[in-house]
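Undergrad: Those protein sequences? They're chains R and G, same order as listed. So that you can map any letter, position 141 of the first sequence is 141 in the numbering used here, and since no number is skipped, the others follow by simple counting. So that you can map any letter, position 138 of the second sequence is 138 in the numbering used here, and since no number is skipped, the others follow by simple counting.
Heads up, some of the hints might be wrong.
All copies of an identical chain are treated as equivalent in the list; a pair is satisfied when it fits inside any one copy or across any two copies.
Said to hold, decoys possible - Derived pair list, reagent style DSBU-like, types lysine-lysine, alpha-carbon separation capped at 30 angstroms:
#, residue 1, residue 2
1, Lys-241, Lys-30
2, Lys-22, Lys-92
3, Lys-23, Lys-92
4, Lys-88, Lys-23
Keep in mind the hints are simulated off the structure, nothing from the lab.
There are 2 protein chains.
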Amino acid sequence: MRREITGFSNPTVKYLRSLREKKHRKREGKFLAEGLRLLTDARECGRVPEMLVMAGARDPHPLIDALEAAVEASGGEIIATTPDILSKITGKDNPQGVVGVFGEFDTSLAMLDRGSAKIWLVAQALRDPGNLGTMLRTGDAIGAGGLILIDDCADPFSVEAVRASMGAVFTQGIARAEWSEFLPWLRGGDGQLVAASLREAVPYRGAPYMAPCFVMVGNESRGLPEEYEMACDLRVTMPMKGRADSLNAAVAGAVLGYEVLSAFDG
Amino acid sequence: MRREITGFSNPTVKYLRSLREKKHRKREGKFLAEGLRLLTDARECGRVPEMLVMAGARDPHPLIDALEAAVEASGGEIIATTPDILSKITGKDNPQGVVGVFGEFDTSLAMLDRGSAKIWLVAQALRDPGNLGTMLRTGDAIGAGGLILIDDCADPFSVEAVRASMGAVFTQGIARAEWSEFLPWLRGGDGQLVAASLREAVPYRGAPYMAPCFVMVGNESRGLPEEYEMACDLRVTMPMKGRADSLNAAVAGAVLGYEVLSAFDG
Numbered sequence: 001m002r003r004e005i006t007g008f009s010n011p012t013v014k015y016l017r018s019l020r021e022k023k024h025r026k027r028e029g030k031f032l033a034e035g036l037r038l039l040t041d042a043r044e045c046g047r048v049p050e051m052l053v054m055a056g057a058r059d060p061h062p063l064i065d066a067l068e069a070a071v072e073a074s075g076g077e078i079i080a081t082t083p084d085i086l087s088k089i090t091g092k093d094n095p096q097g098v099v100g101v102f103g104e105f106d107t108s109l110a111m112l113d114r115g116s117a118k119i120w121l122v123a124q125a126l127r128d129p130g131n132l133g134t135m136l137r138t139g140d141a142i143g144a145g146g147l148i149l150i151d152d153c154a155d156p157f158s159v160e161a162v163r164a165s166m167g168a169v170f171t172q173g174i175a176r177a178e179w180s181e182f183l184p185w186l187r188g189g190d191g192q193l194v195a196a197s198l199r200e201a202v203p204y205r206g207a208p209y210m211a212p213c214f215v216m217v218g219n220e221s222r223g224l225p226e227e228y229e230m231a232c233d234l235r236v237t238m239p240m241k242g243r244a245d246s247l248n249a250a251v252a253g254a255v256l257g258y259e260v261l262s263a264f265d266g
Numbered sequence: 001m002r003r004e005i006t007g008f009s010n011p012t013v014k015y016l017r018s019l020r021e022k023k024h025r026k027r028e029g030k031f032l033a034e035g036l037r038l039l040t041d042a043r044e045c046g047r048v049p050e051m052l053v054m055a056g057a058r059d060p061h062p063l064i065d066a067l068e069a070a071v072e073a074s075g076g077e078i079i080a081t082t083p084d085i086l087s088k089i090t091g092k093d094n095p096q097g098v099v100g101v102f103g104e105f106d107t108s109l110a111m112l113d114r115g116s117a118k119i120w121l122v123a124q125a126l127r128d129p130g131n132l133g134t135m136l137r138t139g140d141a142i143g144a145g146g147l148i149l150i151d152d153c154a155d156p157f158s159v160e161a162v163r164a165s166m167g168a169v170f171t172q173g174i175a176r177a178e179w180s181e182f183l184p185w186l187r188g189g190d191g192q193l194v195a196a197s198l199r200e201a202v203p204y205r206g207a208p209y210m211a212p213c214f215v216m217v218g219n220e221s222r223g224l225p226e227e228y229e230m231a232c233d234l235r236v237t238m239p240m241k242g243r244a245d246s247l248n249a250a251v252a253g254a255v256l257g258y259e260v261l262s263a264f265d266g
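Whole structure, please, built from the sequences with the hints as guidance.
TA: This is the structure:
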């Protein structure tokens, strides 16, 4: 189905803008992904937007044509609009030309198959959506099964997280759980829980990692609660040569994740 | 010297706000650092703000007292103001209580002593101030000498970069140069230039790194220009198990940086 929208006060414009806010995403169960590259990544992973918003007047472009065709084939809706309205929806002066609306995925732990990957990333109370998206992107690179978000984390379906994931939001598993749910779930099967720590820890390089390995990082300001660290099967230290005693959370997850990958792949 | 400011229209308030913008920082040669932790880090590194702005009415706090004393001892200025004006200066609803104004450092290549460290980070056309600050923070952790910013990068003295650096802006060397200056400078002494690449590259793990090692990452969207990659002494690949063919720039720099550190420290 194809519709033209030319008025700023159109309710669909309001609806699309509202999806930039978490409470509206949650109520609708939908999220936005912006830009041709991201939407093409999604399409190639078999994720087609329910609604595709684009400039009505445009030059032919094979990737946009392919997106349009995929949305039409799956019964989705195509909205043709003006550059000004696209700017209003995206909040950017130069919007990237296409915006897709996707249904949020089920993010319960039960959806994860821990045997499907040797590495999983876990983040606790991660507040920065850019860090969250970066962890998804890193997870894709190291062949992780997905990202498990513990306690009160940023929203993986926020525009910023989706953008920073560079498409990995469509390829990585994502689960959200309280610690009190996560720990029993983890202990209900195989799985080694690992975190960087200053307490009774061994050097991260060459540590005895075992698959499936769950690499956990903590909140940007406070790190992991001591109780969570002590529940780990393995605590590792990374060299800190300077004044600081910690790394950016997404960086710590990546350095550890690549070390674990190296241990498994030799 | 101590001054009270209670009016929003005070020219000092306007001046402080202006330092959030690059053109004003450049004209004044000053930058802002916000928050007690950051300012305490700076003080412990011997960097005392020229101007310290704080709430006029406050509970006693030993770290704020120490800051005040250091600023007074160095002949700086102390501005006591209201929470509302602090909010206006920082653009935050709950400002972190203290703001310092520092003189920008000389960021010419000539200021760097390449023999003072075994690792240096290099970023080309890095646009995101958060990534820039994160690279400074990582550089501190791996004992790098500093960060060299090639071509048109984000401003290391922006509030976002300073914040993301977690104080490393005060400990790491920072230089800014065009590629056409950097390459002759590099070749004028010892130094191995290394980048992640898909071209004629060897695995990053166990590659023959040599000190001083200059680890270079490229622009967030475009990566490094081919010419820059080909000028490297060593090109390395990192495993990419998923759909993506690249990592976040700050993550790539960190994973490579820790690998180089491991090669040197054994």
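Undergrad: All hints are to be evaluated individually against the structure, with a verdict given for each.
TA: Okay, the hints, checked on the actual structure:
1. Lys-241 <-> Lys-30: Classified as between; 29 angstroms across copies, 44 angstroms inside a copy.
2. Lys-22 <-> Lys-92: both (19 angstroms within a copy, 20 angstroms between copies)
3. Lys-23 <-> Lys-92: both (21 angstroms within a copy, 22 angstroms between copies)
4. Lys-88 <-> Lys-23: This pair counts as both: shortest intra-copy Cα distance 19 angstroms, inter-copy 28 angstroms.
Against the hints set out earlier in the document, no violation occurs for any number.
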